[in-house]
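Residue numbers (the working numbering), protein chains in the order written: chain F, 141 to 433; chain V, 141 to 433; chain R, 906 to 1152; chain B, 906 to 1152.
Where hints are given, some of them may not hold.
Covered, in the sense of this in silico footprint (three residues per stretch, anywhere, with C-beta under 8 Å from a C-beta of chain B), are these stretches of chain R [said to hold, decoys possible]:
#1 981–991
#2 1099–1109
Pair ranges (Cβ atoms, derived) [as the list claims (entries may be wrong)]:
#3 433/V / 1040/B: 48 to 58 Å
#4 361/V / 972/B: 30 to 40 Å
#5 921/B / 1112/R: 15 to 25 Å
#6 975/B / 379/V: 34 to 44 Å
#7 921/B / 384/V: 47 to 57 Å
#8 1016/R / 1039/B: 44 to 54 Å
#9 935/B / 324/V: 41 to 51 Å
#10 988/B / 404/F: 52 to 62 Å
#11 384/V / 963/B: 56 to 66 Å
#12 972/B / 324/V: 48 to 58 Å
#13 379/V / 419/F: 41 to 51 Å
#14 1015/B / 380/V: 56 to 66 Å
No lab work stands behind these hints, which were simulated from the structure alone. All figures in this text were calculated on a predicted structure; none of them were measured in a lab. Every residue gets a Cβ at the ideal spot worked out from N, C-alpha and C, and that includes glycine.
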Amino acid sequence: MAIGRGAIPFGHDDASRFLPWMLAFMVYLAALAVAGLFILADVTDKFDRGIENTLTIQIPVSESVLSDDRKVAAVLARLRRTLGIERADALGRSEVSDLLRPWLGATAASDQLPLPRVIDVTVDRSKGFRAQNVRDALEPIVPGIVIDDHGAWLGDFLRAVRGAEMMAIAVVFLICLITVIMVIFTTRTGLGLHRETIEIMHFVGARDSYVARQFALRFSLMGLKGALIGIALAVPSLLLLSVIAKNSGIGLIPDFDLTTVAWISIGATVPASSLIAMMTARATVIKSLTQMV
Amino acid sequence: MAIGRGAIPFGHDDASRFLPWMLAFMVYLAALAVAGLFILADVTDKFDRGIENTLTIQIPVSESVLSDDRKVAAVLARLRRTLGIERADALGRSEVSDLLRPWLGATAASDQLPLPRVIDVTVDRSKGFRAQNVRDALEPIVPGIVIDDHGAWLGDFLRAVRGAEMMAIAVVFLICLITVIMVIFTTRTGLGLHRETIEIMHFVGARDSYVARQFALRFSLMGLKGALIGIALAVPSLLLLSVIAKNSGIGLIPDFDLTTVAWISIGATVPASSLIAMMTARATVIKSLTQMV
Amino acid sequence: MTDVVSFENVGLRYGLGPEVLRDISLNLEAGSFHFLIGASGAGKSSLLRLMYLAQRPSRGLISLFGRDISTVPRRELPALRRRIGVVFQNFRLLPQLSAFDNVALPLRVVGVKQSEIRRHVEELLTWVGLRDHLDAKPATLSGGQQQRVAIARAVISRPKILFADEPTGNVDNQIAARILHLFDELNKLGTTIVIATHNEALIRKTRRPVLHLEDGVVRSAAGDEDAGTPGDDKPAARLATENGRPA
Amino acid sequence: MTDVVSFENVGLRYGLGPEVLRDISLNLEAGSFHFLIGASGAGKSSLLRLMYLAQRPSRGLISLFGRDISTVPRRELPALRRRIGVVFQNFRLLPQLSAFDNVALPLRVVGVKQSEIRRHVEELLTWVGLRDHLDAKPATLSGGQQQRVAIARAVISRPKILFADEPTGNVDNQIAARILHLFDELNKLGTTIVIATHNEALIRKTRRPVLHLEDGVVRSAAGDEDAGTPGDDKPAARLATENGRPA
Ligand SMILES: Nc1ncnc2c1ncn2[C@@H]1O[C@H](COP(=O)(O)OP(=O)(O)OP(=O)(O)O)[C@@H](O)[C@H]1O
Ligand SMILES: Nc1ncnc2c1ncn2[C@@H]1O[C@H](COP(=O)(O)OP(=O)(O)OP(=O)(O)O)[C@@H](O)[C@H]1O
Ligand SMILES: [Mg+2]
Ligand SMILES: [Mg+2]
């Protein structure tokens, strides 16, 4: 049966003029949330296996080189027995003098200068590593030992970023939920407004599926329209944000440029929302129709 | 005239059952955005006048102490002529050795050890300070000079936070705008749905103000209802977030506890939204009525 | 002798369509009682709509109570409308209100006391045979019951003019007679009445003057040539020909 | 001889109200033509609503085309309804559709070809005098014009049964006669017809059997004692008394 001229135009009630805009807003939010998700994932990726899981231990210079060697061996042995330590290696003298060169200039390379020993440690914080435990364990072995936990502040930072990621995911889910609720409300408003039309359709012998098809078509079109408006607003917003981010040189968000996958995901909000609109409308209509004459 | 029994009940159309929930959602978002704004402001406050505006310059150790002194004087003189430098002071030998103690142990205090000179600089980034300019200016004077810009990454971080603050403000404005649009749409839908009622009211001699009052009352009640639902959902969400933030120990957001002012601002979304709803509805109705019979 | 309704060369077209009414000139005296007849689609409802201010004419002059309605500012319309009662052809009851509340509406908007409203509305609805349906919503009333509610709403505020569009299309002859009696009573109290109808029995029975609408103009009463019921000194409509001269 | 409509001890009450219809037993033979009369509020529309499946009875058995309607599954209702035409008392035209599209609706839902729809609908609307109003929306039609569109919609698909509720309340006698002629033609083609009306002139003129609804039961034809028009072999309704025995 033809859907164009032959179909029953349900007319343009205000409720349905309203829905595309609400859907546009939802898609806009969803697109931004998805973009945010990808950017945040990028940030965590970058830092995750980086400094967050490293620790530097310095053993202060003492009178004899031999004593220092013993201390290093003892600390290494202790570290390797500690929970959450993945790797612990003493740096060679040249590496340490490289680290100190900016401080000591050329003299750092001189054999005369006593250099502190430095141990580079990789930890796995998920296995219950606590910097304080290491400190407590090593202090008795080498008094005055310095433990520099790079991860401490970075960990906080990354936890905040991950929290934000969770929020973004929650927002996307919330948006889907709200969209479904909105479509249900609007469909039922539509059914209410068009109750008379539907009853007459029934009286002249139209099947439920015929009526439901009209609604589903209408709502998927509305969903599509809303989604296109939303995405049409979201893309420039994202590009603008990206330009702003680059010009202000925010180093923490270095790859504001979204990947192809990200753009595809953002674009996927369009078919997603019209699909959600269509299926919700269809289900709502079929359910409601069976309660009518 | 009595508003209760004597008033004209416009009935509960679906469009108006829908609005309070949309308003609830808006108020929820607004409350979260306002809370975010206060938290972010707190973060910037904390870091703003801190490390962000400091710079450390080290002059590598050379052969003679005198040459070092000369270099320091030259660098200080140059710095004081540089745009955006507020203060530049050379640290004393004891301060430098304090800084180096963790690296060099007891030997740092020894007069034998040549120590690099360190200059502590306070900058004002708003006056166009660029770390690279300083580097370019000092490199000819002291080759191999090390400039450690603490603000570099923190500045990025704070810029990101400030960006987020701007976003939150934009979100609040956007929400107000969307609320107004939603109320206009719903009012017009309502006027459309109740067109017949309004026409009859006119035929029996009702004044425009009488009709408008009914609508305004109805919409301010809907606004209030929606706002109360929204705030009732927002407050537990915020408390939950605060608990999560505390337990995960995110150091960057130390004062998640919102201040009284913040809570009052959040609470203000309630009267604000019902006021917006009422005034928008009234204006829309008055405007539409004069175009009717 | 005052004219409460006066038309001078009034024409009406909807949008870009043909003129539905062309060159209507007539005067209805205070206290007169007319039937308005004409074929379906002749323009009876349109003419009444002009009279009760639901429609502006395309041309010509309409006066109500001696006032040119094109000069009445919007804020004075409510006061004017309170003196006019209308029975719409399709009733136009408010679906969300009970029969009682529908009839009470004209009293409510002018601020009549609740107790007085109750007494008047109940009395009138009882009179039209709806005592048992005071709280019924229009959708639960039969066609004839709805029509009677519509009539009650039109007359409850004792209007100076009453326009009724096909007020007996859904009731039997017995109730039709009762409704006509109600209109007669109102008319005796001074209300000017115009009834558009297809019910020829009704017209024959009452022998009231008839306005015949045909081809967009009002012709001298058809089937009742002696408009104004001779020997009866009831005020009558002075009809005008197309070029405005009294016939 | 088959009964297309058959009621056995049917009762109807709305909600918790009194029984509007009580103990209705009747059989309408295929090809019969009845008027249904009764005071306003007697239950004529309610009885018709039961017949065209807009309402389920509170008790009793209703059969259409020999099928007990309480056993018809929902998915078979459309097929059943396509054999029934209804003229509603309040027309119930779809306001967003033109006169043409309103009348075309019953043909559209069964998938009739567009060209055929156009031919049939235009012909029928011309016949009822609405040739110039094919594209008019119901709101821009006069009361009588709307009523004619409603009638056209009910008959366009040549239904096996036609129920018309007060189909001439808004038209003049001339058009009423034309409509009745249309119904007669349909009846000759085998359509069973039931018309609820207050129009006594119509009933007198056609001398068709009359079902009189009073106090919730159908009584033997009033004012036309000889139900079934003697000497005419038109099928008639066999009425049953309250306790179910044929009168
Ligand atoms: N709102 C409108 N827009 C366009 N045309 C209209 C409108 N209202 C009425 N008409 C047209 O004006 C003409 C007169 O209509 P009107 O309702 O006045 O007739 P009427 O005499 O009351 O008929 P009836 O006896 O059937 O009620 C009709 O042809 C109708 O189609
Ligand atoms: N949906 C409903 N709910 C409750 N009561 C109803 C409903 N429909 C009708 N009634 C009541 O049932 C009774 C019969 O109504 P019905 O419409 O069948 O009368 P009718 O004979 O068609 O009258 P009319 O000639 O005035 O159209 C009336 O008293 C009416 O108030
Ligand atoms: Mg009319
Ligand atoms: Mg009825």
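Checked hints:
no.: 1; hint: 981–991; verdict: violated (count 0)
no.: 2; hint: 1099–1109; verdict: holds (count 3)
no.: 3; hint: 433/V / 1040/B: 48 to 58 Å; verdict: violated, 25 Å
no.: 4; hint: 361/V / 972/B: 30 to 40 Å; verdict: violated, 51 Å
no.: 5; hint: 921/B / 1112/R: 15 to 25 Å; verdict: violated, 47 Å
no.: 6; hint: 975/B / 379/V: 34 to 44 Å; verdict: violated, 57 Å
no.: 7; hint: 921/B / 384/V: 47 to 57 Å; verdict: holds, 54 Å
no.: 8; hint: 1016/R / 1039/B: 44 to 54 Å; verdict: holds, 48 Å
no.: 9; hint: 935/B / 324/V: 41 to 51 Å; verdict: violated, 58 Å
no.: 10; hint: 988/B / 404/F: 52 to 62 Å; verdict: holds, 54 Å
no.: 11; hint: 384/V / 963/B: 56 to 66 Å; verdict: holds, 59 Å
no.: 12; hint: 972/B / 324/V: 48 to 58 Å; verdict: holds, 53 Å
no.: 13; hint: 379/V / 419/F: 41 to 51 Å; verdict: violated, 36 Å
no.: 14; hint: 1015/B / 380/V: 56 to 66 Å; verdict: holds, 58 Å
Hint violations for this structure: numbers 1, 3, 4, 5, 6, 9, 13, all remaining hints satisfied.
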